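*Asks:* Sequence:
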Amino acid sequence: MAQSLELLLIQFLMPDNDARRQAEEQIKRLAKDPQVVLALAQHLRTAKTPNVRQLAAVLLRKKITGHWAKLSPQLKLLVKQSLIESITMEHSPPVRKASANVVSIIAKYAVPAGEWPDLLPFLFQCSQSAQEDHREVALILFSSLTETIGNAFQPHYAALQALLLKCLQDDTSNRVRVAALKAVGSFLEFTVDGDEAIKFRQFIPSILNVARQCLSSGDEDVAIIAFEIFDELIESPAPLLGDSVKSIVQFSLEVCSSQNLEPSTRHQAIQIISWMAKYKHSSLKKYNLVIPILQVMCPLLAESADADEDDDLAPDRAAAEVIDTMALNLSKHVFPPVFEFASLSSQSTNPKFREASVTALGVVSEGCLELMKGKLESVLHIVLGALRDPEQMVRGAASFALGQFAEHLQPEIVSHYGTVLPCILNALEDASDEVKEKSYYALAAFCEDMGEEILPFLDPLMGKLLAALQNSPRNLQDTCMSAIGSVATAAEQAFIPYAERGSRVNEILHGAYQ
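Residue 414 in the numbering used here is what sits at position 414 of the sequence shown, and the numbering runs on without skipping anything.
Hint data in this document are derived by calculation from the structure and do not stem from the laboratory.
These numbers were taken from a predicted model, which means no experiment stands behind them.
Yeah, the Cβ is synthetic: ideal placement off N, Cα and C, and Gly gets one too.
Treat the hints with care, since some could be wrong.
[Unchecked claim] Keeping only pairs whose Cα atoms sit at most 25 Å apart, straight-line, the calculated PhoX-like set for lysine-lysine is: (1) K286 / K246; (2) K70 / K48; (3) K97 / K28; (4) K97 / K108.
[As the list claims (entries may be wrong)] DEER-style ranges, computed between Cβ atoms: (5) L328 / G463: 38 to 44 Å; (6) G66 / D221: 30 to 36 Å; (7) D171 / D433: 58 to 64 Å; (8) K28 / D433: 55 to 61 Å; (9) S217 / P34: 43 to 49 Å; (10) I84 / E24: 40 to 46 Å; (11) K28 / T49: 21 to 27 Å; (12) D118 / E303: 34 to 40 Å; (13) E232 / G66: 31 to 37 Å; (14) P460 / R317: 32 to 38 Å; (15) S247 / P15: 47 to 53 Å; (16) K32 / E254: 53 to 59 Å.
I would like the entire structure built from these sequences, with the hints used as guidance.
*Replies:* In structure tokens, the structure reads:
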């Protein structure tokens, strides 16, 4: 079998599709025999080209599960020896990693059965080897083995943590540091004991160093692993961060501020700030991080995604979520800097910053409602001014903010109906459908706590709303109908003459009084 299999492996790698298909069919036939395991293990060591050796390892990984239990102890030993030799003597990194994948699969069965007692000692030995290749592949295996035989590491946990920390600090090999970072992520996911998890706190400075090195060398995918580790640490109920909160936040702010990085990388950094605001907000207050965070997040509201980028990764959307979460948890610390940003940005010559000024106020209106009620006149001055802005994006954000105010700042905001309703009336005739739709929403929310105060505005309001029903697309009609329903509820009997103008309005009135 060995000789014919080698020829088939070579044929499988040919560019000719027919030849490749024939080889694949014959390999499938041979693979039904458990002896294929030993043959593949031999080719893993003896085939002349790295591509064939790698293919042998890939096929071995696929077939080993079904055949391992059928092999004699002698054959199992030969297979394990071939894999160990490949890991330690192979010059090709892809072949070494493919062999490591096979080891991980076999270990799932062999280690619990006591058939591979020298595997873990071997890996510890490799991880301390003078050869970079050995250290790297040992860490790769430690990482993958946590998914298959994680319990076997429990007696060695302290030694493993010390080893991983040492490898994170390896000053001779970036590959080893990266492999150690990945292994830390795997072990942290596996760690459930709080006392063991707390020991990872000492890893944070080294994780940050590796992540910074990866970003500077363009390895953003690897740096993202650091954010995934921080995610695990933040969400844990155990106090895993300590005073490292400050360095993690500072690093995350550096990343999300850097427009040279990929949107997905920056988004991961913003998410870390978001999780901090949700789970560790007391630490943000303790280490005076609220203002530094807002000094980055508020300007990010002025930075939208490019046309070819995923909206879910848009910096402005993610930053708004962070500010909202911080407002809900740290309102008295959040409102003053947000109000200062809004006041300054509302005067900016850049329309994106004028938009950001009112977006920020709308976003914090729920969390900071009591503080905003005390500054309502000043806040409304900014938002109502933006509702008259020449730029559509600013008017749209202002109408959104006004809707948020109407929803969260009741009943105090109703006392400002004399200045608010005329501005909404103007916005109902905006050239932009987006501004109109948000204005209908604002009107509906604003009228919910109104009574007879609405009567002086009833005729102009209904004139514009009824005209909009006849001339707007369906999606706007639905929002407009909701606004009419709120007006009807506020006006009560005074609304009846307007109900007689058409059957559509009768439907709305019926819905409003249900």
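*Asks:* For every hint, state whether the structure bears it out.
*Replies:* Hints and how they fare:
A C-alpha spacing of about 10 Å is found between K286 and K246, which places the hinted pair at or below 25 Å, so the restraint holds. Taking the CA atoms of K70 and K48, the gap is about 29 Å. The hint is violated against a cut of 25 Å. Between K97 and K28 the CA atoms are separated by roughly 23 Å; this keeps the pair inside 25 Å, and the hint holds. Using a Cα cut-off of 25 Å, the hinted pair K97 and K108 holds, with the two alpha carbons roughly 17 Å apart.
Hint check: L328 to G463, Cβ distance near 40 Å, so the stated range 38 to 44 Å holds. Look at G66 against D221: about 33 Å separates their beta carbons, and that is inside 30 to 36 Å. Here the CB-CB span from D171 to D433 is close to 60 Å, well matched to the stated 58 to 64 Å. For K28 paired with D433, a C-beta distance near 59 Å keeps the hint of 55 to 61 Å intact.
At about 45 Å, the CB distance of S217 to P34 agrees with the hint of 43 to 49 Å. Taking 40 to 46 Å as the suggested C-beta distance range, the pair I84 and E24 does not conform, at roughly 29 Å. With their beta carbons about 22 Å apart, K28 and T49 fall inside the hinted range of 21 to 27 Å. Separation of D118 from E303 is about 55 Å and departs from the stated range, judged on CB atoms against 34 to 40 Å.
At about 34 Å, the CB distance of E232 to G66 agrees with the hint of 31 to 37 Å. Separated by about 35 Å at the C-beta atoms, P460 and R317 satisfy the suggested range of 32 to 38 Å. Range check, S247 to P15: Cβ separation about 51 Å, and the 47 to 53 Å hint holds. For K32 and E254, the hinted distance range of 53 to 59 Å is satisfied, since their beta carbons lie about 56 Å from each other.
Checked against the numbered hints above, the structure breaks hints 2, 10, 12 and satisfies the rest.
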